[in-house]
Amino acid sequence: MGAVSPQAARPSRSIELPYAAQFAAAREELPGHDLSWVTSERDAAIARFSELGLPSQRVEDWKYSNLTPLAKTDFTAPDRKAAEAARAEVAERFPKESAAGRLVFINGMLDGPLSALEELPAGVRVLGLADAMADEGDLLKSQLEAVPALNGHALAALNAAFMADGCLIILEPDTELALELLFVAAPDVGAVAYHPRISIAAGAGSTLALGEQHTALGELEYWSNPVTAISLGETAQMRHYKLQEESRRAWQTALTKTRIAAGAAYENFVVATGGRYARNEIKVVLEGAGASCELGGGFLLAGEQHVDNRLRVDHAAPDGTSRQTYKGVLDERAHGVFQGKTVVHRGAQKSDGNQLSRALLLSPNAIMDAKPELEIYADDVKCSHGATVGELDGEQMFYLRARGIDEASARSLLIAAFMDEHLQSVADQAAREWLQGAVSRWLAQHLSVGEA
Amino acid sequence: MLEIKGLSVSVAGKEILKDFSLSVAAGEVHAIMGPNGSGKSTLSYVLAGREGYDITAGSVLYRGQDLFALEPEMRAREGLFLAFQYPVEIPGVGSATFLKTAVNAIRKHRGEKEYDAMEFLKVMREKRDALGISEEMMRRTLNVGFSGGEKKRNEILQMALLEPYLAVLDETDSGLDIDALKVAADGINALRSPERAMIVITHYQRLLEYVVPDYVHVLADGRVVRSGGKELALELEEKGYSGFTGNAEAAA
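So the sequences go chain by chain: C and G.
Following the numbering used here, the numbering of the first sequence begins with 1 at its first residue and continues without gaps.
Following the numbering used here, the numbering of the second sequence begins with 1 at its first residue and continues without gaps.
Simulated from the structure, these hints should not be mistaken for lab results.
Keep in mind that the hints are not guaranteed to be accurate.
A few chain G positions that, by computed beta-carbon distances, are all more than 10 angstroms from chain C [claimed, not checked]:
no., residue
1, K18
2, N36
3, F98
4, G111
5, M138
6, F146
7, Q158
8, I178
9, E238
A partial selection of chain G residues facing chain C, derived with a Cβ cut-off under 7 angstroms [said to hold, decoys possible]:
no., residue
10, A48
11, L70
12, P72
13, R192
Now the in silico label distances, taken between C-beta atoms and shown as ranges [what the hints assert, rightly or not]:
no., chain 1, residue 1, chain 2, residue 2, range
14, G, A57, C, L392, 31 to 37 angstroms
15, C, Q424, G, T56, 43 to 49 angstroms
16, C, K63, G, G175, 47 to 53 angstroms
17, G, T56, C, E395, 19 to 25 angstroms
18, C, A71, G, E136, 55 to 61 angstroms
19, C, K63, G, A12, 38 to 44 angstroms
20, C, E373, G, D66, 54 to 60 angstroms
Glycine included, every Cβ here is placed at the ideal spot set by N, Cα and C.
Just chain G, same shape as in the assembly:
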């Protein structure tokens, strides 16, 4: 599914990711944990194709293709989805219009028939009911005036509608209270499947109680300093990041 090899990334001359490697197979859920500034969000943005990042070394192979050769919209159409840590507010663009445009762009790319307005409303209704998203929310303009929880649920709704092969969830838990977190986790778990992989980026172990990962990687100062199973998250919760960061520096 995804093969990241020796990836180094700089922002404005400062190296953020250093010789980062990760291999993700279909059906797997990988958690990437790390303190603030460790490079977690940079990783998510580089995968999705945001501008402003210099790839100085390494390669990313996504479903057999060179990911960096694809424009952001082509990555999305090829099934890569980023759930934004900070979903962008777009005044004047209706939520439903946006979703329909996105879903149809991807369906068209996959050679599937584009939804007409009625078909789309039906599909959207099923998905949003499961996430407790009201019809009224879909009538508002995109993310404008949404609470933190509503924005995150809207990201998961988009993921459910776009049916990606690889979902990168960037701190989807941040800013959520425990009830909202459970709703979000249920939405994520409902999308787990043998064909789909997920990378769950988080600062806290909390989300991983509900979305149980197959692998956990600890990122510190742009490198993976430990990899293990789900129990690594618990160890991290106990010890904190400081021990790991120290190890990383000792190893360097």
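Looking at chain C on its own, in the form it has when it is part of the complex:
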């Protein structure tokens, strides 16, 4: 046996990408390029990304996700004219339905005419990121310093290099805001990539309800790489709901990082039915005593879809509570992932942490990988975790059919019941119904319910 060359022995932990060259070309065009601190942060970010590369499956955090096909697509930056051309269709297909304020993004760019922010309460500021880079450089700088930093994460670095738009949401202490963010992918010349940045600072005692919808005008190929950084002040409350109904050819790699002060509570619930590949990564740090977070997710997938839920909760202070509950329905060759990690640090006594992954496999070719992990460095804690994978119950199916209900309807009833039980944990009723709507749409489209 010959000697192994040093070249071959070097572990390949990343996938080579053309983004550095793309960045060099775009550097002087990106919004905010005239702010020197923005450009120097971008330079640092692309250097960091070039060093880290697109994560391969050898990186533990990404072991269930193969990003190689992503690297093979030539994504380009979205064109504003193409986005504006889609405005009328977006307005028609996604009319504003609630009294809450709304920001509409087409291919990652804020669309002013479709957005509505007329009646923001006093003490609340909401502004587009590109607008902030143009007019409010100092505010932007202090905001980005106030929310959690995102070092060491390859795709967050890529977002930091290319971020062109997004929004800042700032709540003074004891204020309240309900806001909707609609992200729509629209046709462009080719497959576009966009990197929205959402930055939220909620002051002490404030209350924020945020609903995000990610969708597309048709079965387009694109890559959405949003980063959301959230800072919740003492006793602040945030309800964060997300509907991921991307095109079946889309990639979404979403990262949310939330810092929670004493007595504050963060609730996050994601329903995902779209995307060829969707990563829902959430990192939460319970920084203050008695902080809590509830992370929940429901996904319904078919075909070759892949959804990767990567959660990490750090209990860094005593009396914190965290829940991670993810339930999926997987048909055909779909692949679901739950990687949940809860770390209870020294001194975080009386922490209460729970993780649960449940999956319903409708096909022998569907795959669910569940990896709940607890890491505990305190001695007085209450933590538990569990994971189950099952099929539709044959006895339940027979009982329903024995009452005249056809097989497809019986399946649909049982799947809806599985998800519905889970959605009951969504605290806000209107939001729960909104999320249930996506489950119903999936069932109606995917299962041929009723007879011809």
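Start from chain C and add chain G according to the hints.
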């Protein structure tokens, strides 16, 4: 109504029903009695179409159709109803939603107009009042957290709503105290009619004091070993099954 001829059924290679025959006409109530393991529940499940049973011989004609050619839901829509010995709990499916879905599936099949929510609530209220089923129970998810008696009453409520031609009641009396048994029996008796037939499967004679059958069949080791009138149930109560089982083996 129902014509079972020479039916043999195996489960995992073991023969449970052996050359079983039974003829049931409209308006009749037949009781099938037998010890544990005699094949009573197998008979009910085979009629309703549950998976896992091998029909090795025989035929079943139901209202002129080959029963085995029909999927379980088609049997139900054609008016065959099985009251389960162990009603299945289905978390997350509301009792009322389930009932409305089932009733409308059957009404649609019969060419009747499907009930809207208000119509259905009205019909359901009449039927459940008669069975002492509370509105609260209907708001719970299907059979979850129901007591044994509540589950059985819920089965009879379903039967009342689905208005079958042939009802197979599989040990509806099991697990019921005497008061619950009377409520269940009243519900069953209210559904007796010249157009409807019933097969009442039971281990004990007790239920048959309230639901008086026209015929009684004793099932032992997969065969009918005696058939007679309602007085056969009393004889069985006196002598126990052991004598009958012995006879069966002697005859075999």
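Taking the hints in turn, this is what the structure says about them:
no., hint, verdict
1, K18, "24 angstroms, holds"
2, N36, "20 angstroms, holds"
3, F98, "7 angstroms, violated"
4, G111, "14 angstroms, holds"
5, M138, "15 angstroms, holds"
6, F146, "13 angstroms, holds"
7, Q158, "7 angstroms, violated"
8, I178, "28 angstroms, holds"
9, E238, "36 angstroms, holds"
10, A48, "5 angstroms, holds"
11, L70, "11 angstroms, violated"
12, P72, "4 angstroms, holds"
13, R192, "21 angstroms, violated"
14, G/A57 - C/L392: 31 to 37 angstroms, "32 angstroms, holds"
15, C/Q424 - G/T56: 43 to 49 angstroms, "47 angstroms, holds"
16, C/K63 - G/G175: 47 to 53 angstroms, "50 angstroms, holds"
17, G/T56 - C/E395: 19 to 25 angstroms, "24 angstroms, holds"
18, C/A71 - G/E136: 55 to 61 angstroms, "58 angstroms, holds"
19, C/K63 - G/A12: 38 to 44 angstroms, "41 angstroms, holds"
20, C/E373 - G/D66: 54 to 60 angstroms, "56 angstroms, holds"
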